[in-house]
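Protein chains in written order, with our numbering: chain A, 1 to 247; chain B, 1001 to 1410.
Check the hints yourself; a few may be wrong.
Taking lysine-lysine and the PhoX-like style, the derived pairs with C-alpha atoms no more than 20 Å apart in a straight line are [stated by the list, open to error]: (1) A:100 <-> B:1175; (2) B:1012 <-> A:139; (3) B:1018 <-> A:100.
Think of the hints as simulated: they come from the structure by calculation, not from any bench.
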Amino acid sequence: MEHLIELKDVYKIYHMGDTAVHALDGVNITVDRGEFVAIVGQSGSGKSTAMNIIGCLDVPTSGSYHLGGVDVSTMDDDQQAEIRNKMLGFIFQQYNLIPKLNVLENVELPLLYAGVPSGERRQRALSALERVGLQGKHKNLPSQLSGGQQQRVSIARALAGSPSVILADEPTGALDSRTGREVLAFLQKLNAEGDTVVLITHDNSIAVKAKRIVRLQDGRVIYDGDAHDPQALVQPGEEETQEVGQL
Amino acid sequence: MNFSQSFRLAVKSLMTSKMRALLTMLGIIIGVAAVIVITSLGNGMQKMMNDQFDQLGANLIQVQIWGRGEGSRTIEPEDMYALAEKYPQYISGVSPYVNMYQTPTIRKGTDEYKRTSVYGVSEAFYDASRNQTITGESLVQGRFLSYVDVERYQNVCVIGDYLNQELFQGGGLGKTLTIGGTPYQVIGLLEQKADSTEGSGDDVIFLPYGNALRLNASATVSLYLFTSTNKDASAAAKGVIENRLFKTFQSSDYYMVMSSAEMMDAMNTMMDTMMVVLVAIAAISLLVGGIGIMNIMLVSVTERTREIGIRKSLGGKRRDIRSQFIIEAGTTSAIGGVLGIGLGVLMAQAAGALVRGLMSSSGGGEFNAIPGVDSVAIAFGVSVAIGIAFGYLPANKAAKLNPIDALRYD
């Protein structure tokens, strides 16, 4: 069967003056439909670079990346934009809502760029808001909502375009632990309903909410397997494994 | 990309910082207002001048003769009549038109008038079939000068409405007044032409040109008025008159032939040129305004780097981002243009009223400084075009931002 996400031998090399930094150093990751994968690693491990490449925000220096069977590693700016629009739903740490647009307009944005006509756009955006439990808030500005609500708006925005992959980059990073738990529970619920979720985090206690963990260190995959395997949480170089269940 | 959303977003961001928006638009506002004022005043001036020409007769041709040439070459009124008879297809009328070197005093009893225009003309000056003189006056009562009056130097005259009202309380026909000491009988009354005040077009006397020459103590007619059959024939009429005069004088130094149509064209060309120059100067302000918009748009792109990143991450393509910022710049300058048009119309009205006030004392025509629909449309179009042109660079900068960098921007 064809994989939904398939990174093959991916390198990403940045040149800082004379030295070449291997942010990704031959990474192979595959994700299938319906999976809930956490990509974990400390800062500098290459997880942000991996997220940029999986999110079609960047292209690898070498290697190939197939998303839904299509090679996206050689696409130009606008082609990538179209892939992001059709296949990917982003959830960011800082919510990244546009402050001047109201909630509905924010959720409508990906549909707007997809060229969905206004009536259908509104209807789909409203149903996405309903799915995250924010019905009746669609006329509010983001600044009038709490952090948890704003993050739910951004989830609704990610869902509105019916993407193949939901890509969550430290989605709980700016939230208190209780709302953070709610957001994670919601991602689990989405996954249970059939959505593919890729979660990027540095935090083991969040990573364990996923079904599968891919651990990166120094641009290499050092673990790829079941999230409940104790080995998944071992961060080499640390004295002991991190406490689980802090949240 | 969705135009209406970009437009609403643009209006929204203008509304959130009104002061900044106003300052951004100021260059456009001033530029557009200046263009509107200039074109309004220019149009008003041109229209007024054309009206005055029309009143004077657009078919009029003036022939000025100021020399005798070699020997004793001269032109007699009969030569001019012969010319008119020879070319009826071009020339519909001709008459000597003798100005007074020194305005004679008009007297009736103890009343004295010193500003009256007195002209010596022939019977051909008046066309009975159209009840109109060459310079456009009409008779209301009595008759115009006849061939016999002119031939015999009869002391008869036709007077304007002002004199008729002032000297004779409207019943001047058959009465007598003195011109430069000589008694003249009034044989015709002219219809009111201007506002019937002293020195206006109604303060006028026509008498036989021979009599006028005597008052001037001169022997030859130095000014003739011709009318061409229509405006288009005026160039041809001018041509045949010039040929005839050259035949006599063998040099073009002793006469000058001017047609109203030509003068009107020359005047209009001059006005147009002047207006183009003034508008070009005013347009510099539009240019500066455009640069102001570009400046603010560059600031706006930097301020909204993160928004651009978000939009790109959600699938906004380069042209989506570009058109959003171009629409925003265009909206800014369009609003500036509308405000400028409003301001310009108000200022043109004020300036028009001022000019009207200054001119009514000198008895000029009606002056209205009303901007043409075309100049308003052009002003609006140009301001939008400026916004789009100067918005392109910042918009392109926004469109080319790297989404990763833009998302990380604080």
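CA of residue 1018 of chain B to CA of residue 100 of chain A, is that 20 Å or under?
holds, 15 Å
Restraint check for residue 1012 of chain B with residue 139 of chain A, where alpha carbons must lie at most 20 Å apart:
holds, 15 Å
Check the hint pairing residue 100 of chain A with residue 1175 of chain B against an upper bound of 20 Å on the C-alpha distance.
Violated, at roughly 87 Å.
When each numbered hint is compared with the structure, a violation occurs for hint 1 only.
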